[in-house]
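Trainee: For the sequence shown, UniProt numbering assigns the number 1 to the initial residue and increments by one for each residue that follows.
It should be emphasised that the hints constitute simulated quantities derived from the structure, not laboratory data. No experiment lies behind these values; they were computed from the predicted model shown. Hints should not be assumed to be uniformly reliable.
Heads up, simulated DSSO-like pairs for lysine-lysine below, C-alpha to C-alpha not over 30 Å straight-line [claimed, not checked]:
id, residue 1, residue 2
1, LYS387, LYS340
2, LYS340, LYS98
3, LYS98, LYS438
4, LYS176, LYS326
5, LYS340, LYS329
6, LYS326, LYS438
7, LYS200, LYS275
8, LYS200, LYS340
9, LYS199, LYS275
10, LYS340, LYS326
11, LYS291, LYS98
12, LYS199, LYS291
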Amino acid sequence: MLPTHQRPPNTPSTHPPRTLTRRSILALGAGSAAALAGCSSPFDDTTRGGGRVLEFTTFYTGPDGALMQTIVDRYNSSQDDVVVRFTAPAYGGDYLTKILTASLAGAPPAILALHSYEIPPLRRFLHTIDFNDLGFSQDDFVDGTWQLATIDGRQYGVTMSTGPAALGYNRALFEKAGLDPDRPPTTGAEFVAAAQALKKSGPWGFIRETGTFNPWLTLNWQAGGDLIDAGSRALFAEPPGIQAGQFERDLVHRYHVEPAQLAGPQLGALFRNQKVGMVFTFPWVLSQLLKTNAQQGTQLDVAPLPQFFGGPRSVVATSHIYCIPKQRKNDAWIQAEAQKFIAWLVREGSVDWAGAQAPASRAAAAAIARSNDPVVRKMALFIDEAKHARFAPYAYRWNQAFQYLNDALDDVVYQGADVAAELRRAAARATESMREPK
């Protein structure tokens with residue numbers, strides 16, 4: 001999850017845009033110490049009801065939150081030891097600020113959801129987790145997912161799901177354009193050809209999302225590029241980044257298959273209303289696409305993203321990792337009960353969770369592929385894509401650094417600005433912003 005996610009209305013808000021830094025933690029700690037001494041954390045509910053309530057706090061404020069509530073209700077009905085209370089109190093920076101405030105007070109939630117890049121600055125507040133204590137091994141998780149919560153060889157959480165990108169396409173518009181809907185594009189050349197055929201037949205061939213999941217990220221990784229180096233130097237203007245930026249620019253200014261106006265939150269509506277033939281899409285959108293098909297008779301579908309360039313197979317993704325914060329009171333009991341809940345959630349809740357996200361449980365993948373629920377069954381595609389997922393890095397002020405990149409790409413795509421010049425300027429500004437004070 002990169003820091004400027006823009007999403008269509010009524011889609012799950014599972015992607016907070018703020019990245020915490022060591023300096024922000026220290027600043028908030030100094031500024032809020034007096035307040036915390038006189039009042040409890042907004043999450044200080046873990047010992048309510050005689051010590052039997054566990055607060056499970058996430059950023060699932062959309063339909064995925066409603067689905068998770070049903071899973072939690074099932075857990076509460078399955079045992080009498082604790083009551084898990086599911087909350088989704090905020091989105092973005094507000095969410096992380098509340099988590100941090102509660103952690104500094106020593107009374108955070110019993111279980112909380114984080115993205116992979118949010119774990120490094122918060123790890124001093126988190127318990128490490130031994131998979132053996134939960135009855136898991138690394139082999140129980142889809143390739144590349146369990147490592148997301150690992151720092152310096154220590155495990156700080158359990159990956160419940162990921163959110164890799166896939167290709168959303170309209171089968172009816174493909175047929176109208178003379179394309180085979182059973183053979184969506186698999187390469188960059190095929191993607192351009194399909195977009196041109198679609199545009200010739202009426203709708204736009206493609207519309208990109210700006211911000212968190214802009215296509216450049218996938219394109220850059222597929223061209224062999226990266227975002228930052230070990231010294232937090234921005235790599236946007238390296239040859240792969242320029243190649244990716246040029247491809248994005250060409251879709252508008254050379255091939256004329258994409259509008260030169262920013263779609264913003266209307267992107268999803270344009271796709272559902274058959275104004276565009278192809279988009280990048282994500283697991284939390286899947287149920288809405290299939291609901292549109294049922295209600296309007298459309299033929300929206302998903303497929304693996306094309307391999308645009310000759311580098312490693314890569315797709316941009318987000319992550320949902322469940323962590324156990326340290327408590328000032330009742331820490332051992334809360335930790336033990338939290339581990340029980342997370343273990344149950346992964347084992348017993350993953351198939352249901354596939355109605356909104358791509359579970360990381362390898363055992364659940366087979367059941368998901370056999371499901372009678374069309375949304376759950378189709379989610380198998382996103383689960384398969386997870387092994388190619390790439391994620392936002394953790395770096396000091398990465399949110400600002402990424403904003404420079406995103407602004408440059410908007411200028412390239414929508415204004416036709418020079419690719420190399422804009423990316424060099426963005427890289428220089430980003431590198432400077434990520435220079436952590438000593």
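Trainee: Each of the hints needs a verdict: does it hold here or not?
Mentor: Taking the hints in turn, this is what the structure says about them:
1. LYS387 with LYS340: Distance ~27 Å between LYS387 and LYS340 Cα, so the pair holds.
2. LYS340 with LYS98: holds (25 Å)
3. LYS98 with LYS438: holds (27 Å)
4. LYS176 with LYS326: violated (58 Å)
5. LYS340 with LYS329: The hint holds at about 19 Å.
6. LYS326 with LYS438: holds (28 Å)
7. LYS200 with LYS275: The hint holds at about 13 Å.
8. LYS200 with LYS340: Between LYS200 and LYS340 the Cα gap is close to 56 Å, so the pair fails against 30 Å, i.e. violated.
9. LYS199 with LYS275: holds (10 Å)
10. LYS340 with LYS326: holds (16 Å)
11. LYS291 with LYS98: violated (35 Å)
12. LYS199 with LYS291: Judged against 30 Å, a Cα distance of about 26 Å means the pair holds.
Of the hints listed earlier, those the structure fails to meet are numbers 4, 8 and 11, in rising order.
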